[in-house]
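Trainee: Residues per chain, in single letters:
2 protein chains.
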Amino acid sequence: MPRVRIEPLRSYTIEVFAKLGVSRENAEITADVLLASDRRNIASHGVARLKRYVDGIRKGIMDPKAEPEIVKETPTTLTVDGHAGLGQVVSVKTMRSVIEKAKEMGMAAAVIRNSNHYGIAGYCAMMALRHDLIGFSTTNSAPLVVPTFAKNALLGTNPIAIAVPAGSERPFVLDMATSTVPRGKLEIYDRLSKEIPPTWATDEAGHSTTDPGKVLKNLLDRTGGGLAPLGGAGEEGRGYKGYDLAAVVEILSGGLSLASMGSEVYGRKDEPPDVCHFLAALNPAAFGELDGFKQRMDSFIGMLKNVPRQEGAERIWIAGEKEWIAEERNKDEVDIDEPTMDKLRKIAEEFDLSFPF
Amino acid sequence: MPRVRIEPLRSYTIEVFAKLGVSRENAEITADVLLASDRRNIASHGVARLKRYVDGIRKGIMDPKAEPEIVKETPTTLTVDGHAGLGQVVSVKTMRSVIEKAKEMGMAAAVIRNSNHYGIAGYCAMMALRHDLIGFSTTNSAPLVVPTFAKNALLGTNPIAIAVPAGSERPFVLDMATSTVPRGKLEIYDRLSKEIPPTWATDEAGHSTTDPGKVLKNLLDRTGGGLAPLGGAGEEGRGYKGYDLAAVVEILSGGLSLASMGSEVYGRKDEPPDVCHFLAALNPAAFGELDGFKQRMDSFIGMLKNVPRQEGAERIWIAGEKEWIAEERNKDEVDIDEPTMDKLRKIAEEFDLSFPF
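First to last, the protein sequences are chains A and B.
All residue numbers for the first sequence refer to this note's numbering, where the first residue is 7 and numbers rise by one.
All residue numbers for the second sequence refer to this note's numbering, where the first residue is 7 and numbers rise by one.
Watch out, some of these pointers could steer you wrong.
Because identical chains cannot be distinguished in the list, a pair is counted as satisfied if it fits within a single copy or across any two copies.
[What the hints assert, rightly or not] Derived SDA-like pairs (lysine to any residue); straight-line CA-CA distance at most 20 Å: (1) Lys109 to Thr80; (2) Lys191 to Glu241; (3) Lys78 to Asp297; (4) Lys200 to Glu241; (5) Lys78 to Leu296; (6) Lys78 to Gly298; (7) Lys311 to Arg11; (8) Lys300 to Ile194; (9) Lys99 to Leu135; (10) Lys78 to Glu110; (11) Lys352 to Ala332; (12) Lys328 to Glu241; (13) Lys328 to Glu242; (14) Lys220 to Asp358; (15) Lys311 to Gly240; (16) Lys311 to Gly273; (17) Lys311 to Glu241; (18) Lys109 to Glu79; (19) Lys223 to Pro314; (20) Lys109 to Pro81; (21) Lys200 to Leu222.
These are computed hints drawn from the structure, not numbers from a lab.
Generate the whole structure from the sequences, applying the supplied hints.
Mentor: Quick look at the structure:
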């Protein structure tokens, strides 16, 4: 896979957003969130999505000039209207305020409405780390997930991200969809003509299926079926827990901001979606003291790493560890696959930008 | 199954705790938490556990006279030492303070260390409901859950409870173990000589197993294996998400309170355990306004209930709905199975208490 230098790729990405009318500051924020994803080997949420943002702005789904507006504020809370701007811009700017509030008040939270896709949920959560805070970030999203016993998708893959600072160990970073797998995983299996495990998705009748192509087509045609919640369809694997967690995400993001939930999020025809986020930060020092907490984190991570492994297992992974290893490897360069390179090249041509890769 | 009147059963339970040296006030709190569980048809955490509390106090694992001590306090946070008292007492008393703080500050949280089993996680979360707050409650517990790729159990079933008020609909109450199933479910299958699904547990080599008896024996002998995290063992069903959620619970409860995590919780030989809880409350009114939020909850619950169902499915359930239906049925009486009745009768004889059932 081509290795691409980050600095010129970042400049290129910023230029694309600038051409679309996004301010320099906001273009930088958005490029940084996209590239953080590529650095962490989460290619699905990196610059591979640039085309979607270009199209989103052109179609009027995203307003390139929108600035977040604080509509309500208390010492611990913020309610923000994204005015259909870029999700990265409103979430990153809001998270900065949440962090300041949490440093002072012990904890703080914000809800954001009228936003768009904000990239990896982990980005805002991880912003808390350099301030020695625990960060929390979650968002609702397009309806792809089928509630337990339902036939149709109603909930988003609604990710939950929690970032926790440690001492000498790498920070603990959970960033998980509340579905078993995201849609992109089905697309990969479909391209390879591979069957999917029965815990991943359901067909138009609501039953488990191993055919990824059918699920993707059904989702497109809205004929029923979709992704299964974490735990799988039905009750055997306790998939209702994944369904309930996805519902909690809707409540915290869309509910608290008095905005869209479930099928409403992308439910307004020919109008921008109403994606909602919930961001929070918690100060460990408010409960005890910071160094002691970091020592506890190191000790716990060590305990997990040293638990006896099942035969053939290489290691016990800690949440976010694979992504930190990737990020360390991808300090100056990232992997970008050929189809993505082609797409980026086409955008460059269209905007008359140099693409020196 | 025998139907037992709640009021005399509550008096009896209070009397038992009083005989063991627990104050009237604290005995009432503990009895109320146990009976709330029976009323919600969560028999595993109801008065069926009374014998364990009796034994726990007698063995010195629980101190009947302990009172919670606040060791650190800010306007939004509390750090509490349970001094090895009853988990219900310290958690309920602390949640009262969390609620008061959250009403004033928009949100608040507490960590508790040196506690014992606190009953259903949902109890403290649900305390927030009558104050129109969102309640959050979680706890670490005895190591029964095997991290992904590990051979041995290290994490508790670490439940997460989140209670959310609604308007005309019943409140949304998630109360879930982060393992696929709790140990009690394996005991039931073992008694019935039934195989368990492969997503529920692993054997001493770390592989999925369908033999519940083997898992239970292995856990007792500490020879390896145990419960699988939500999503199952291995990576196929994304069991690492359940493992990561269980780790988050350890971090919030044991980590923030600078106390025990994972195998440490019950790790001190011949000494009380160091169970840790995390409690929080969030005021929806701080983000928007209460009536609007409740309307959003009603609308979302209605949306979920009305999604087309798969063939043969009776209804789409909302988190906590089955338990609310049980609670409404069990207003004055609860189901107590015969083996539990026998155990309660024996305790009554031992303490020379009347047992009019």
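Trainee: Report the numbers of all earlier hints that the structure fails to satisfy, in ascending order.
Mentor: As far as the earlier hints go, 7, 8, 11, 14 are violated by this structure, in ascending order.
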